[in-house]
Amino acid sequence: MQFVQKKAKLSLTLAAAVAMFTHASLSNAAEGQDSQDEESIDEIVVVANKSARSIREIAANVTVMTRSEISDNLATTVADVFRYSPGIDYEAAGSRFGSEGITIRGVGGNRVALLVDGVPLSDQFDVGSFSNATRDFINAGLIQRVEVLHGPASALYGSSAIGGVVAVSTPNPADLLRNNSTGGDVTATWRGADESSHAAGMFAVGNSSMGLMLGASLRSGQELDSAAVDESVDFRDYDRRSAIVKFVADDRFGQTWSASLIHQDSEVTSDLNSMLGTGRFRSTTALEGQDEYTLDLLNLSYQFGSPGEWVDSGILRGYYETAEIRQSTLDERGLASAPVSIDRFFSFDQEIHGFELNLQKHLDGGRFEHKLGAGLEYRERETTEFRDGLSTSLTDGTSTNIILGEAFPLRDFPISTSTEWGAYFEDVITLGDWSVIGALRVDRYELTPSNDPMYAEDFPFAELVSITESDLSPKLGLIYRITPDTDVYLQYAHGFRAPPYEDANIGLEIPVFNFRAIPNPDLRSETSDGFDLGVRWHGTNSGARLAVFRTRYTDFIASKMRIGIDPDSGRVLFQSQNLSETIIEGVEGGGHINFQGVLESFQIDGSFYLAQGENRDNGQPLNSVGPGQVVIGASWNSLNKGRRIRLQTTFTDAWDDRDESRGELFKPPGHVVFDLYFTQRLGERTTVRAGLLNLTDRTYWNWSDVRGLGPNDPALPYLAQAGTSVSLSLNVNWQ
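For the sequence shown, the positions run 1 to 735 when this note's numbering is used.
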């Protein structure tokens, strides 16, 4: 595997991290000879097999974040949740739109499946500078657990998981009740980086056979306090509300019924003064935005079966979800030769419904042990989008719906319905120290655009593209247990993604800029072939993991690529195209050491990630693959576990490997950031947490915040991370 040469500082840091974790493995293994009676507990994950399995039964890298870890990190945003998880990045869309999705190993957007309690979230879509339908989770205060499956996962999750899976779980009533008939958890958090406040409360009532939980969360804040400026000129105020109602009951046959309703809405107002007087906004004197997002999700499930019957366990889930995005923009051009006030409006709606059935069966045939899984899934999405606009003269008050040559209202693609059918089968075969994992999924995808009068009026000569695609997604894994505590694994996984509606039928024309985007009836499905080779060691007091990965993407869909000049109109033409081949390869790992003896209260943990991507069509790097990163944490716990002090150190390399064939890009410098956390329990029910972030007041940028921006972009100073800031939280729970 040919890796781009990284800076010596990062290489030495990576080598030191690997050496440290290897030493931890060897030293703790030696100690284990004297403590064989101590039994380590394997971590249980669900995302890799759609059923609860030990991490040692999985031939892949899975990252897990528990509610306790999220709370200890004082996390209130998506960026906070993944702050110390190298290789998992949030995708940002400037100071107005914020986070729009998750990137895993350099692949993001709608190529990563985002699930809440097993239900897929709506898509991300953007067009131009004023319209962006983002993807986001519920507020962090209502999250119980996050599991991230790295790499292609189409063998179980289908077309939407060619880049990986992020599975978010909310609490069940039993998580709050334990042995009582009532329980609750209330948290109040203040975050100095954006002067935000976050309040979350969950309450449950029930008994051993049924329970009802109510939860609500509110987060309000302002723009990030950038360390690169003394005073921000970009202003942002936001309010995000989440609520959940969940009912769980066991019937007299021991089966479990569950129903939940999740609601989330947000309102964001922004005043983007940093752009005024520059570039395309050189005549603009006011640029303001108002964005609203609403999500409603109904989730019904039935868990059934018992060991010894035709199926040991199974779950049938049905869901219905609606997502609505409304965005308004005021662009006042008071310095133009003909001063105008331009009002723009963007609407994006998605309605999703579907069901899935997952079955599990354990067969013990003597020498061979089989863990079988099978499932059936159906999903339908209807997507509606349009843009509107009105330009009003500041001189005489006359108005027009023609802006930059576009006649509003219009759609960028017709109202579209996509349906997906999928069926999979998986068998984990264990013989002694060897396990073989085989899985196969068949998918059928259909895209049906409607005969949309609004779309047809603006693009009368566009031929609507309907798509029907099928694919087989196999997965084959091998695990060998070298010792009782050490596993080596190898996995091949095939991925598949059908052409989405926005690429197949895009219609966009701006005469003033002399360009046109046209549909592509010849788009092919993306496919991927990924290989993972890894080793895991898990002892009583320490653990380590190391994985090397390489994924080859064929027919990768690049949106709105320039393809030439229209000979009839002279317009510059853009069209979504298939890239013949792209490669992403890298290494990631981590570990932890719990010291014994006089240092038994101390722990060191860490993780790292280093990768590169290449577009084989032109030999250029992939700009979705970020810089290398190492995270090391050192913590001290009091003997009674009531107090904890933790120092997190994050080393991030400079972002060198980028495609600048279309122009120079800003290069975020490498940086080291120190964060200090303190946790104190006050009795059995109350916990106080405090964080002092960016201890050295370092000015730095997260690469994902500035990806695609030039070195002289006026927004850069306002996209830097906060300097030294304080976060505080108070938690009270009773169970």
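The set of hints was computed from the structure by calculation and includes no laboratory data. In this text, all values refer to a predicted model and were calculated from it rather than measured experimentally. Glycine is no exception: its CB is placed at the ideal position from the N, C-alpha and C atoms. A couple of the hints might just be wrong.
What the hints assert, rightly or not - With a Cα cut of at most 20 Å, we get these calculated DMTMM-like pairs of lysine to aspartate or glutamate:
| id | residue 1 | residue 2 |
| --- | --- | --- |
| 1 | Lys361 | Asp396 |
| 2 | Lys361 | Glu309 |
| 3 | Lys361 | Glu292 |
| 4 | Lys560 | Asp656 |
| 5 | Lys560 | Asp503 |
| 6 | Lys641 | Asp72 |
| 7 | Lys667 | Asp656 |
| 8 | Lys361 | Asp427 |
| 9 | Lys560 | Glu684 |
| 10 | Lys361 | Glu660 |
| 11 | Lys560 | Glu660 |
| 12 | Lys641 | Glu57 |
| 13 | Lys560 | Glu581 |
| 14 | Lys641 | Glu684 |
| 15 | Lys641 | Glu581 |
| 16 | Lys560 | Glu509 |
| 17 | Lys560 | Asp529 |
| 18 | Lys560 | Glu406 |
| 19 | Lys667 | Asp617 |
| 20 | Lys560 | Asp485 |
To be verified - Cβ pair distances, simulated, as ranges:
| id | residue 1 | residue 2 | range |
| --- | --- | --- | --- |
| 21 | Thr686 | Ser181 | 14 to 24 Å |
| 22 | His362 | Thr483 | 48 to 58 Å |
| 23 | Glu43 | Asp659 | 32 to 42 Å |
| 24 | Leu316 | Phe235 | 20 to 30 Å |
| 25 | His370 | Met454 | 32 to 42 Å |
Each hint, compared with the structure:
Between Lys361 and Asp396 the CA atoms are separated by roughly 75 Å; this puts the pair beyond 20 Å, and the hint is violated. This hinted pair checks out: Lys361 and Glu309 have alpha carbons roughly 9 Å apart, not beyond 20 Å. Note on Lys361 and Glu292: the hinted pairing is violated, with a Cα-Cα distance of about 45 Å set against a maximum of 20 Å. Only pairs whose Cα atoms come within 20 Å are accepted, and Lys560 paired with Asp656 is rejected, the gap being roughly 25 Å.
With a C-alpha separation of about 8 Å, the suggested pairing of Lys560 with Asp503 holds against the 20 Å cut-off. Using a Cα cut-off of 20 Å, the hinted pair Lys641 and Asp72 holds, with the two alpha carbons roughly 13 Å apart. Using a Cα cut-off of 20 Å, the hinted pair Lys667 and Asp656 holds, with the two alpha carbons roughly 7 Å apart. Pair hint Lys361 plus Asp427 holds up; C-alpha atoms about 9 Å apart against a cutoff of 20 Å.
Straight-line distance between C-alpha atoms of Lys560 and Glu684 comes to about 57 Å, which puts the hinted pair past the 20 Å bound. For a cut-off of 20 Å, the pair hint linking Lys361 to Glu660 is broken: about 52 Å separates their Cα positions. About 17 Å separates the Cα atoms of Lys560 and Glu660, which keeps this hinted pair within 20 Å; it holds. Taking the CA atoms of Lys641 and Glu57, the gap is about 31 Å. The hint is violated against a cut of 20 Å.
Of the supplied pair hints, the one linking Lys560 and Glu581 holds, its CA atoms being roughly 17 Å apart against a limit of 20 Å. With a C-alpha separation of about 11 Å, the suggested pairing of Lys641 with Glu684 holds against the 20 Å cut-off. Distance restraint check for Lys641 and Glu581: the Cα-Cα separation of roughly 52 Å exceeds the 20 Å cut-off, and the hinted pair is therefore not satisfied. Note on Lys560 and Glu509: the hinted pairing holds, with a Cα-Cα distance of about 12 Å set against a maximum of 20 Å.
Pair hint Lys560 plus Asp529 does not hold up; C-alpha atoms about 25 Å apart against a cutoff of 20 Å. Annotation: proposed proximity of Lys560 to Glu406 holds, straight-line Cα distance about 18 Å (limit 20 Å). Annotation: proposed proximity of Lys667 to Asp617 is violated, straight-line Cα distance about 24 Å (limit 20 Å). At most 20 Å may separate the alpha-carbon atoms for a hinted pair to count; Lys560 and Asp485 exceed this at roughly 50 Å.
At about 21 Å, the beta-carbon gap between Thr686 and Ser181 stays in the expected band of 14 to 24 Å. At roughly 25 Å, the beta-carbon separation of His362 and Thr483 lies outside the given 48 to 58 Å, and the hint is violated. Taken as a hint, the range 32 to 42 Å holds for the pair Glu43 and Asp659, whose Cβ atoms sit roughly 38 Å apart. Between Leu316 and Phe235 the C-beta distance comes to about 48 Å, which lies outside the given range of 20 to 30 Å.
The given range of 32 to 42 Å is broken by His370 and Met454, whose C-beta atoms sit roughly 54 Å from each other.
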